[in-house]
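Protein sequences appear in the order of chains Y and A.
Oh and the first sequence: position 123 is 142 in this note's numbering, straight run, nothing missing.
Oh and the second sequence: position 29 is 31 in this note's numbering, straight run, nothing missing.
Please keep in mind that the hints were generated in silico from the structure rather than gathered at the bench.
Any given hint might turn out to be false.
[Unchecked claim] Simulated coverage check for chain Y against chain A, where a stretch passes if three residues somewhere in it have a Cβ under 8 Å from a Cβ of chain A:
1. 41 to 53
2. 73 to 79
3. 85 to 94
[As the list claims (entries may be wrong)] A short, non-exhaustive set of chain Y residues, derived as facing chain A with CB atoms under 10 Å:
4. L57
5. A60
6. P69
7. F70
8. K146
9. N147
10. T148
[To be verified] Pairwise CB distance ranges, derived in the manner of DEER restraints:
11. Y:A154 to A:R346: 19 to 25 Å
12. A:R85 to Y:Q108: 30 to 36 Å
13. A:D123 to Y:T179: 42 to 48 Å
14. A:S248 to Y:V165: 52 to 58 Å
15. Y:M182 to A:S302: 45 to 51 Å
16. A:I15 to Y:M182: 49 to 55 Å
17. Y:I117 to A:S28: 53 to 59 Å
18. A:V117 to Y:Y26: 29 to 35 Å
19. A:R346 to Y:I117: 48 to 54 Å
20. A:I17 to Y:I132: 40 to 46 Å
21. Y:V175 to A:I170: 17 to 23 Å
22. A:G249 to Y:A123: 48 to 54 Å
No residue lacks a Cβ here, since even glycine has one placed at the ideal position from N, Cα and C.
Take a look at the letters that make up each chain.
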Amino acid sequence: MEQLFFYIFSIVAIVSAILVVSVRNPVHSALYLIICFLQVAAMFVLLRSPFLAAVQVFIYVGAVMVLFLFAVMVLDLGKERLKDSMHSQSILGGALAIVLFFIAFYLVYNGDIVAPLGAYTETALMKNTEVIGAALYTKYIYPFEVVSLILLVALVGAITLVMRHKDN
Amino acid sequence: MPDVTTLIEVLLIVIKVVVIAMILFSLPMPLTWLERKVAGHIQVRLGPWRVGPHGILQAVADAIKLMLKEDITPDKADKFLFRLAPLLALVPAFAVFVTIPFGESISIPFIERDVTLYIADMNVGILYILAIAGLGIYGVILGGWASNSKYSLLGALRSSAQMISYEIAISFAAIGVVMIANSLSLVDIVGAQSGSILNWNILYLPVGPVWFAIFLIASLAEINRIPFDLPEDEGTLGAGFHTEYSGMRFSLFMLAEYVAMVTVSILCVLLFFGGWNAPFDMPLPIPPIPAIFWFIGKVSAFIYFFMWLRFTLPRYRYDQLMTLGWKVLIPISLVNILVTGYMRI
Numbered sequence: 020m021e022q023l024f025f026y027i028f029s030i031v032a033i034v035s036a037i038l039v040v041s042v043r044n045p046v047h048s049a050l051y052l053i054i055c056f057l058q059v060a061a062m063f064v065l066l067r068s069p070f071l072a073a074v075q076v077f078i079y080v081g082a083v084m085v086l087f088l089f090a091v092m093v094l095d096l097g098k099e100r101l102k103d104s105m106h107s108q109s110i111l112g113g114a115l116a117i118v119l120f121f122i123a124f125y126l127v128y129n130g131d132i133v134a135p136l137g138a139y140t141e142t143a144l145m146k147n148t149e150v151i152g153a154a155l156y157t158k159y160i161y162p163f164e165v166v167s168l169i170l171l172v173a174l175v176g177a178i179t180l181v182m183r184h185k186d187n
Numbered sequence: 003m004p005d006v007t008t009l010i011e012v013l014l015i016v017i018k019v020v021v022i023a024m025i026l027f028s029l030p031m032p033l034t035w036l037e038r039k040v041a042g043h044i045q046v047r048l049g050p051w052r053v054g055p056h057g058i059l060q061a062v063a064d065a066i067k068l069m070l071k072e073d074i075t076p077d078k079a080d081k082f083l084f085r086l087a088p089l090l091a092l093v094p095a096f097a098v099f100v101t102i103p104f105g106e107s108i109s110i111p112f113i114e115r116d117v118t119l120y121i122a123d124m125n126v127g128i129l130y131i132l133a134i135a136g137l138g139i140y141g142v143i144l145g146g147w148a149s150n151s152k153y154s155l156l157g158a159l160r161s162s163a164q165m166i167s168y169e170i171a172i173s174f175a176a177i178g179v180v181m182i183a184n185s186l187s188l189v190d191i192v193g194a195q196s197g198s199i200l201n202w203n204i205l206y207l208p209v210g211p212v213w214f215a216i217f218l219i220a221s222l223a224e225i226n227r228i229p230f231d232l233p234e235d236e237g238t239l240g241a242g243f244h245t246e247y248s249g250m251r252f253s254l255f256m257l258a259e260y261v262a263m264v265t266v267s268i269l270c271v272l273l274f275f276g277g278w279n280a281p282f283d284m285p286l287p288i289p290p291i292p293a294i295f296w297f298i299g300k301v302s303a304f305i306y307f308f309m310w311l312r313f314t315l316p317r318y319r320y321d322q323l324m325t326l327g328w329k330v331l332i333p334i335s336l337v338n339i340l341v342t343g344y345m346r347i
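Pulled out of the complex, with its shape left as it was, chain Y reads as follows (with noise of 0.2 Å):
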């Protein structure tokens, strides 16, 4: 049963992010992407993880993408133009996702990613947000510290990219 989802979220997944690459609408990507994350939401709950899920949609689906499309539509970009700058790193990109899923391969089939699932239990969903946040301020506090500053940075740097100087 479980594995009967995890394969339709799959076939979902890959098939609408191929649509993304193809489709010449920016609009009509965007909207494939929303599915692609959505179908992502789904295999964290299938690997025990809400509140993982609950966030994917929360920050990917309900911000990151609305601002996505909020830019693409602002910005009206021809589609002739999004083809131009496009083709020129299509080999190299190409290369990069053939080596990516290699490698991903060459561990799956040597045993080295192996992330076994517990039982679907009533206190493993319930405990989930307090073990993430144990973790994450734990075990995990540098790099958690760290991502922190980074998004810092970026936020500084782009208030400081569009921000306009009054002359006068």
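Take the given structure of chain Y and dock chain A to it, following the hints.
Here is chain A on its own, set in the frame of chain Y:
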């Protein structure tokens, strides 16, 4: 082959989903009538009067009218997205109700088992609601863009900027409540407010009332109601994002909007006004009032409050709206989080 208990569980869930969906589909009919009646009386008019006694069948007449109207799709519109957008607005508005609890549990007399008055009690309930409710914006954005009309596009742009800005304040208010209740589950949040009126989050002094004010203002902006209904500002935008919609598709947008109003009323009650808890214990030996009546009563009071606001307050200017969101609500939320954290140590 699953055993009988599992089958009954599944069947109960299906029944609950169907019942909630039917209620939500039919709720806008009395609510539109009520809203027009409230509007009429606030403006010293009669409101709907001709269809049925006190115009009570006006909503039925409206529904027939909307169904029979020609459904126009503009020639230059993006046909696929134009048809999809009303559904994108509607589905999240309904999906939110999966985690909304209406009470704890009641026992059904014939099958002799306790039935919980919610579909699922997730440990991330409030996050789920905020996340799914945030998806409703895609109906507005994509509908406005797909219409290929300047009024629709401007309405959609305004709406997305507004909803993104106020979603931050709403999330902060939700975080405040989570800090007070120590749980993300709505059932637990209501449970933490049981006992008497003094345990309600609105009376968690001094931060409770501030959180409630932030939540109320931000959620008014989220559901595009006056004084924040800039996306459909008639004076400058025609009808905003749904200018090009007609007939059934238009009414789907309206349906989503009414369901969102009910959702916000329910959230106010659950998060701040003790949910289905009675404000005080009954001193007399009269039979106690069932919890569900307290719940429905509080929610109705909020729905009336939102209608009352609509015909009392003027509309905000767009730059004022942004100033209020970013420069007033968010700084207050940050300070309030510090105070709440200090109080919870």
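Going through the hints against the structure:
For the segment 41 to 53 of chain Y, the assignment as covered by chain A holds, since 5 residues bring a beta-carbon within under 8 Å of that chain's beta-carbons and 3 suffice. Counting residues of the segment 73 to 79 of chain Y whose CB lies closer than 8 Å to any CB of chain A gives 4, which reaches the minimum of 3, so the coverage claim holds. Note: the segment 85 to 94 of chain Y has 6 residues with beta-carbon separation from chain A under 8 Å; the three-residue rule is met and the coverage holds. Because the closest C-beta pair between L57 (chain Y) and chain A is about 9 Å apart, less than 10 Å, the hint holds.
Taking 10 Å as the C-beta cut-off, the interface hint given for A60 (chain Y) holds, the closest approach to chain A being about 9 Å. For the restraint placing P69 (chain Y) at the interface with chain A, the shortest Cβ-Cβ distance is roughly 5 Å, inside the 10 Å limit, so the hint holds. Hint status for F70 (chain Y) relative to chain A: holds, with the closest Cβ pair at about 5 Å, below 10 Å. Residue-level restraint check for K146 (chain Y) holds (minimum Cβ-Cβ distance to chain A is 8 Å; threshold 10 Å).
A cut of 10 Å between beta carbons decides the hint on N147 (chain Y): the least distance to chain A is about 6 Å, and the hint holds. Because the closest C-beta pair between T148 (chain Y) and chain A is about 6 Å apart, less than 10 Å, the hint holds. For the pair A154 (chain Y) and R346 (chain A), the supplied restraint of 19 to 25 Å holds, since their beta-carbon distance comes to about 21 Å. Checked against the hint of 30 to 36 Å, the pair R85 (chain A) and Q108 (chain Y) passes, with Cβ atoms roughly 35 Å apart.
The hinted range of 42 to 48 Å is satisfied by D123 (chain A) and T179 (chain Y), whose Cβ atoms lie roughly 46 Å apart. Taking 52 to 58 Å as the suggested C-beta distance range, the pair S248 (chain A) and V165 (chain Y) conforms, at roughly 54 Å. Taking the beta carbon of each, M182 (chain Y) and S302 (chain A) are about 48 Å apart, inside 45 to 51 Å as hinted. Here the CB-CB span from I15 (chain A) to M182 (chain Y) is close to 53 Å, well matched to the stated 49 to 55 Å.
A hinted range of 53 to 59 Å holds for the C-beta pair I117 (chain Y) and S28 (chain A), which are about 55 Å apart. For V117 (chain A) and Y26 (chain Y), the hinted distance range of 29 to 35 Å is satisfied, since their beta carbons lie about 34 Å from each other. Against the hinted window of 48 to 54 Å, the Cβ-Cβ separation of R346 (chain A) and I117 (chain Y) comes to about 52 Å, which satisfies the hint. As the Cβ distance of I17 (chain A) to I132 (chain Y) is approximately 42 Å, the hint placing it in 40 to 46 Å holds.
At about 18 Å, the beta-carbon gap between V175 (chain Y) and I170 (chain A) stays in the expected band of 17 to 23 Å. About 50 Å separates the C-beta atoms of G249 (chain A) and A123 (chain Y), a value consistent with the hinted range of 48 to 54 Å.
In summary, this structure violates none of the numbered hints.
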